[in-house]
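Peer 1: In order, the protein sequence lines correspond to chains A and B. Sequential numbering from 1 applies to the first sequence in the working numbering. Sequential numbering from 1 applies to the second sequence in the working numbering.
Simulated from the structure, these hints should not be mistaken for laboratory data. Warning: the hint list may mix true and false statements.
With a Cα cut of at most 25 Å, we get these calculated DSS-like pairs of lysine-lysine [said to hold, decoys possible]:
no.: 1; chain 1: A; residue 1: K84; chain 2: A; residue 2: K164
no.: 2; chain 1: B; residue 1: K74; chain 2: A; residue 2: K164
no.: 3; chain 1: B; residue 1: K74; chain 2: A; residue 2: K89
no.: 4; chain 1: A; residue 1: K165; chain 2: B; residue 2: K70
no.: 5; chain 1: B; residue 1: K74; chain 2: A; residue 2: K117
Example chain A residues on the side facing chain B (calculated, C-beta under 7 Å, incomplete) [to be verified]:
no.: 6; residue: W22
no.: 7; residue: G26
no.: 8; residue: C29
no.: 9; residue: S62
no.: 10; residue: L73
no.: 11; residue: S80
no.: 12; residue: V144
no.: 13; residue: I147
no.: 14; residue: H177
no.: 15; residue: L192
no.: 16; residue: V195
For each residue, glycine too, the CB sits at the ideal point set by N, CA and C.
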Amino acid sequence: MTDVAHGHVGGTGISNVKLGMWAFLGSECLLFGGLISTYMLYRGRVTGGPRPSQIFDIPFTSVSSFVLLMSSLTMVLAVSAAHKDDDRKTNLWLTVTALLGTTFVGGQVYEFTAFYKEGLGFSTSLFGSSFYTLTGFHGVHVTVGIIMLMSLVGILTRSSMPGKKAEVVEIVGLYWHFVDIVWIIIFTLVYLIPV
Amino acid sequence: MSAETVQTTDKKEHGMSDVGYVRIALILAAITALEVATYYVDFGPLFLPALLIMMAIKFVMVVSYFMHLKFDNKVFSFLFYAGLVLAISVYAAFLATFHFFIK
Numbered sequence: 001m002t003d004v005a006h007g008h009v010g011g012t013g014i015s016n017v018k019l020g021m022w023a024f025l026g027s028e029c030l031l032f033g034g035l036i037s038t039y040m041l042y043r044g045r046v047t048g049g050p051r052p053s054q055i056f057d058i059p060f061t062s063v064s065s066f067v068l069l070m071s072s073l074t075m076v077l078a079v080s081a082a083h084k085d086d087d088r089k090t091n092l093w094l095t096v097t098a099l100l101g102t103t104f105v106g107g108q109v110y111e112f113t114a115f116y117k118e119g120l121g122f123s124t125s126l127f128g129s130s131f132y133t134l135t136g137f138h139g140v141h142v143t144v145g146i147i148m149l150m151s152l153v154g155i156l157t158r159s160s161m162p163g164k165k166a167e168v169v170e171i172v173g174l175y176w177h178f179v180d181i182v183w184i185i186i187f188t189l190v191y192l193i194p195v
Numbered sequence: 001m002s003a004e005t006v007q008t009t010d011k012k013e014h015g016m017s018d019v020g021y022v023r024i025a026l027i028l029a030a031i032t033a034l035e036v037a038t039y040y041v042d043f044g045p046l047f048l049p050a051l052l053i054m055m056a057i058k059f060v061m062v063v064s065y066f067m068h069l070k071f072d073n074k075v076f077s078f079l080f081y082a083g084l085v086l087a088i089s090v091y092a093a094f095l096a097t098f099h100f101f102i103k
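Using the sequences provided together with the hints, build the complete structure.
Peer 2: Printed below as a string of C-alpha cells:
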C-alpha cells in the first residue's frame, strides 16, 4: 500500500522504478555495443601513431579493473545493509564504493595523460579516436555513478529520502554494477586481445 | 503478519548472505587473475575462446548475483537480456558488413 502511494509498484506488482532502470540498462547495452564495435573495427588503424601493444600498461589496467570489480562487492554490501535498515553500514559501503570508483577514474585520467604524452591524441588515428571515445564514455558513466553515490550518502545522512530507502540504494546499485560489467567487456576486448 | 511476509519476500529476493557476496567477489577476482595470465602465458589456440568464456562467466555472475537477476522477477531478466541480445545481433551484423570476421 505504501509502495503504491509512492508510485513504486504498478498493477503488475513490479516496482516501476526498477523496471525503468532495467529498461534503461537494456538500452545502454546498445550504446556501448556501438562504441565497442566501432573500436573493434578501427583498433588496427594506427596510421603512424602508437599501436595498442606499444602503449597499453596491462599491470596498471589490471589493478584498475580489480578496483572496479571490488567496488561492485562494496555496492552489493551497501544494498544488503539497506535491506536490513542499517543506515550506518549502508553509508559506509556507499562511501567506500564511491572512493573505489574515484580511484578507478583517477587511474583512467593518469592512463589518458600517459598515452597522450606517448603520442596518442584523440585525432592521431582511428584507433585513438575510437579508444578515447569508448573508454571516455565509460569513465563519464563511472563519474555519474560516483555523483549518484555521494548524493545518496548525503540524502541518507539527512534521512530525507521519501519511499523505500533500500529500493533507491538498489536502483543506484544496478547502475553501478552495469558500469562494472561494461568494463569487464572493455578490459577483455580492448586490453587483453592483441590486435 | 504483513511485515513478516514483506521481510520474507525481501530475503527471498536478495537470497545471498554477505559472506556469499564475498565468495562471488573472490571467484571474480580469481577469474580476472586468470584473464591477465593469458596475456603473459601462451595458451595457443585456446587463448581467444578461454578469454571470451571467462569474460562471459564474469558478466553473468555479476548480473545474476550482484544485480540479483537470478533472484528477481523474470521480467527484469527479459528486459535486460533482450537489450543485450539485440545489441549483440545488431553489431555482429554491422561488423560482418565490414568483413570484420573474415581475415
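Peer 1: State for each hint whether it applies.
Peer 2: Quick rundown of the hints versus the structure:
A hinted pair counts as satisfied when its Cα atoms are at most 25 Å apart, and A:K84 with A:K164 qualifies at roughly 12 Å. Between B:K74 and A:K164 the CA atoms are separated by roughly 22 Å; this keeps the pair inside 25 Å, and the hint holds. Annotation: proposed proximity of B:K74 to A:K89 is violated, straight-line Cα distance about 29 Å (limit 25 Å). Using a Cα cut-off of 25 Å, the hinted pair A:K165 and B:K70 holds, with the two alpha carbons roughly 22 Å apart.
For the given pair, B:K74 sits about 48 Å from A:K117 by alpha-carbon distance, which is inconsistent with the 25 Å threshold. At its closest, the beta carbon of A:W22 sits 4 Å from a beta carbon of chain B; the interface hint therefore holds under the 7 Å criterion. Checking A:G26 against chain B by beta carbon gives a least distance of about 3 Å; that is within 7 Å, so the hint holds. Interface restraint check: A:C29 against chain B, minimum CB-CB distance 4 Å, threshold 7 Å, status holds.
Evaluation of the A:S62 hint against chain B yields a held restraint, the C-beta minimum of about 5 Å falling below 7 Å. Here the hint on A:L73 is kept, as its CB sits about 4 Å from the closest CB of chain B, short of 7 Å. At about 6 Å, the closest approach between the beta carbon of A:S80 and any beta carbon in chain B falls short of 7 Å, and the interface hint on this residue holds. The criterion of a C-beta within 7 Å of any C-beta in chain B is not met by A:V144, whose closest approach is roughly 18 Å, and the hint is violated.
Checking A:I147 against chain B: minimum C-beta separation of about 20 Å lies over 7 Å; hint violated. Taken as an interface hint, A:H177 checks out: its beta carbon lies about 5 Å from the nearest beta carbon of chain B, inside 7 Å. With 7 Å as the threshold, the beta carbon of A:L192 comes within range of chain B, its nearest partner Cβ sitting at about 5 Å, so the hint holds. With a cut of 7 Å, the hint placing A:V195 at the interface with chain B is violated, because the nearest CB-to-CB distance is about 13 Å.
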